[in-house]
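Participant: Single-letter residue listing:
2 protein chains.
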Amino acid sequence: MQQVGQQARKAASEMAVATCAHKDAALRHIADQIEASSAELTQANALDLDAAETRGLDSAMLDRLRLTPERIAAMAEGCRQVAELPDPVGEISDMSYRPSGIQVGKMRVPLGVIGIIYESRPNVTVDAAILCIKSGNATVLRGGSEAAHSNQAIASCIAKGMHAAGLPTQAVQILKTTDRDAVGLMIRMPEYVDVIVPRGGKGLIERISREATVPVIKHLDGICHVYVDADADLAKAKSIAFNAKTHRYGVCNAMETLLVHQQVAAQFLPDLCAQYLTHGVELRGCDLTRELVNDDRLLAATDQDWGTEYLAAVLSIKVVADFASAIEHITTYSSAHTESIITENYTTARQFLRTVDSSSVMVNASTRFADGFEYGLGAEIGISTDKLHARGPVGLQGLTSEKYIVFGDGHIRV
Amino acid sequence: MQQVGQQARKAASEMAVATCAHKDAALRHIADQIEASSAELTQANALDLDAAETRGLDSAMLDRLRLTPERIAAMAEGCRQVAELPDPVGEISDMSYRPSGIQVGKMRVPLGVIGIIYESRPNVTVDAAILCIKSGNATVLRGGSEAAHSNQAIASCIAKGMHAAGLPTQAVQILKTTDRDAVGLMIRMPEYVDVIVPRGGKGLIERISREATVPVIKHLDGICHVYVDADADLAKAKSIAFNAKTHRYGVCNAMETLLVHQQVAAQFLPDLCAQYLTHGVELRGCDLTRELVNDDRLLAATDQDWGTEYLAAVLSIKVVADFASAIEHITTYSSAHTESIITENYTTARQFLRTVDSSSVMVNASTRFADGFEYGLGAEIGISTDKLHARGPVGLQGLTSEKYIVFGDGHIRV
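Chains as they are written, first to last, in the UniProt record's numbering: chain A, 1 to 414; chain B, 1 to 414.
Everything labelled a hint here was simulated from the structure, so no lab data went into it.
Here the structure is a predicted model, which means the values were calculated and not measured.
Check before you lean on any hint, since a few could be wrong.
When chains are identical, the list treats them as one kind, so a pair holds in a single copy or across two.
Unchecked claim - The calculated lysine to aspartate or glutamate pairs, modelled on DMTMM-like cross-linking and capped at a C-alpha distance of 20 angstroms, are:
1. 218 / 357
2. 202 / 291
3. 403 / 221
4. 106 / 291
5. 10 / 357
6. 106 / 119
7. 106 / 94
8. 236 / 409
9. 403 / 371
10. 403 / 380
11. 238 / 409
12. 218 / 309
13. 106 / 380
Generate the whole structure from the sequences, applying the supplied hints.
Facilitator: As C-alpha cells, this is what we get:
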C-alpha cells in the first residue's frame, strides 16, 4: 500500500497540471476502450457472477454485480458526458482589489489523491475514476471482492485510455487485493491519501469513519421526510407524497416518513393511503393516522419506525399538531439528507428553509430530486450527509478545493 | 462534558435561526461589557500573570498572556468590527431553473457546534467567540490553564452581552476545567461537536488531529517561500524579500526560505544579504549563496534548515538552477501555507500559480499578506493548511456550510 500511495501522490501532481484537452481525451479513449472490450468485460463479469452464485449471494446483489450490454454502453456514455462538462480546475473567482493594492481571489484546485472504497457494483469503478480524472485528482479504488474480475477488466480499459491520452496510468489505481487490511492501511495514510469516499452500506461507512485518520466524505442514511402543512395545496401534496415514496424504493432520497398537519389529515390521508395500499406499499401509522384511515392493512408504527431507513415499499406516517412539532420530529429522526415541505404559505416555507438542517431542503417538490444529475452537477460521486467540505450531491466541485491567489506589483506589508 | 455538549447542541439550534440584528446586538453588548469590565479583566489577568511568573514562564509567554488597556480596547473594537460585517447565514447563491422545472440553489448555514482549543492568549477567547456568534454557531472554548482567570472574566462579559441581546448564553461555553481530559472528551464527541479548531503549537495540533473523531480544521507550520525568478524585477524582489522576512518574525506567514534563480543570484544576493545582516537577521545559505556573498556571518545551511519554521530572525537561502528546481524545492519542503514568486514573466507566473499547491500562492507580493484581514474576510479564526472545507485564512465563511435548496410548484420525478 505504501508503494500504491507513493505512485498516487506522484501521479496526482501530474494530473493537477494536466490540461482540460488531455483529460477529456483520456475520458473519450476510455469510452472507446470500454465499447471495444465489451466481450472481455462480459467474460470477466461472468466469472464474478459464477463465484457469487456459488457463494449464494442474493438476487439483488447479483443484479448489482451484473454487466449487461446496456450497462456497458451506459458506462461508455458516462465517460463522454463527463468529458463534455467544464473543467473545474483553475477556475478563478472573486478577484478583487484590496485597500493595500493587492488583488486577491480564489483558484479551484484538485484535492490530490482520493481513495474510494465501495462494494459490488462494477459501474462505480468507471463513475468514480472518470470524476477523479476530470477533476485533476489521482485515485485509488478498492472495490468489493465479488467484482474483482470485472473491476480488473475495467481497470485495463482505463489504463489504456489514460495511456492513449498521454496521462499517467497510475492516476487510477484499482487495487487487485480485496482483503480488508488494504482498506485499513488506505484510510490511515494521510501522507498519501487526501480524502476517502466510502460508498456502500451503513456498516462499511461507519467502520471507515471510526478508523480513518484521512478525512472521509460520508453518506450515512437517507431518512427523508415530506411534511404536508396546514396550508398545503393537497393536490400537489398527494402527487409529491406518492412520488417521493413510490418512484423508486431502494434509493436514499426516497421518503421514509410522511408528516401531516392535523388540520388537513382527515381530508388528506384516507385517499392517499388507499392509493399507497393499492400500489403495494406497506403503511405504518401513528394512532391518529390509524383512526382517520381506518383500514386493517394500516399497521401501528413503533418508535423504531421513525428512525428507520426502509429502502423498501414501506412508509411510516405521523400526524403532527403543528409546524413546530413537524420540525421537532425532523430534528429528532432525520438523517439530514433531504426534507420537503408542501405549503402555499410564504412565511412557513421560509421558516422551513431556514430551520431544517439537512443537505437538501425543498418546498413543493419531491425528495427524489436530491441528485447530482437533477441539480445540474453533471455527475455525482455520492451524496454527502456531512456538513464540512461537501454537502448534498458531490460532483466535480466536491472533488476540488480552492486556494487563494494574490497578484501584486511589488507590494509589501507596511 | 456530555452536559456541555448537550447544552451546546441546543444553543446551536437557536443560534442558527437568530436574526442578524440580534447577533449584532450581542456583539455590541459584549464590546460594552468588556470596556465596562476593564478593571475586573485587569485584576483577573494579574492573578494569571502572578501564577505564570511563579511557574517561571518565559517572557514571550508572559507577553502573550498580558491584558493591557490597549489590548482590552482592541478586544472591544474587534466585537464592533465583526458586528459591521455582513451576516453569512442564509445567503442564497446559484439559484437556477433545471430542465425538470425545479429551481435549485444553495443557502449558507452555520456548521453547528465549534470546539476551539487554544493556548495562552486571552484575546483568542473573544475573537473566537464573536466569530462563532456572528456565523450562527455555538462554541465550546477550552483555553490554556495559564489564562484561566482572564478567560473566566471574559466569559462573564460574553454571557452578559448574550443575555442582554436575548440570545442563549450557552451558545458560548468557556470551560472552567483546563485539564487535558476535557480536550480528549471534546474531540471525541461527534454527536455534539461538528468541528474542532485547534490554535497553538504544532505539538498540540498534531495530537488533536491524531486523536480526534470530530473533523479538525488545522494549521500546522508556515514554512513559506519567496522565489526570485530569472525574470524578476530585482528592486521589487529586494523589497518583498526583505519585507517577507523582517516585517514580523514570530508569524506563520513570514518567509523562512528564500530561493533565487542562479542567473540573478550574483547580482541580487550580496546587497540583500548585507541588508539582512545589518538588520540582525541570521542567514544560513547553500554553498553557492555563501560563495556569492562571501561574508563570515553567513552560516552554512543544513538539510534540516529547509524544513524548519524559524519563527525568528533567521533565514535560509538557496540558489536554484531553474524554475523547475524551485518548484521541486517548494514541493519537498513547503508546509503548503504561502509561497510567492517574483517575476515579470507572464508564462512563468501562470505556471507558478497553477503548480504550487499551497493555501496562498502569490505573484510579486509579500507572503505577509496571507491574512484574513488583508484578504478582506474582516476577521479570521486561523489559517488552514488543510485542503478540505476551509483553506487559507478562515473567516466567517469558513465557519459555515452550504445546503441545497429546491423550489418547486408540485414537481415530481418522472
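Participant: Which of the listed hints are not met by the structure?
Facilitator: As far as the earlier hints go, 2, 4, 6 are violated by this structure, in ascending order.
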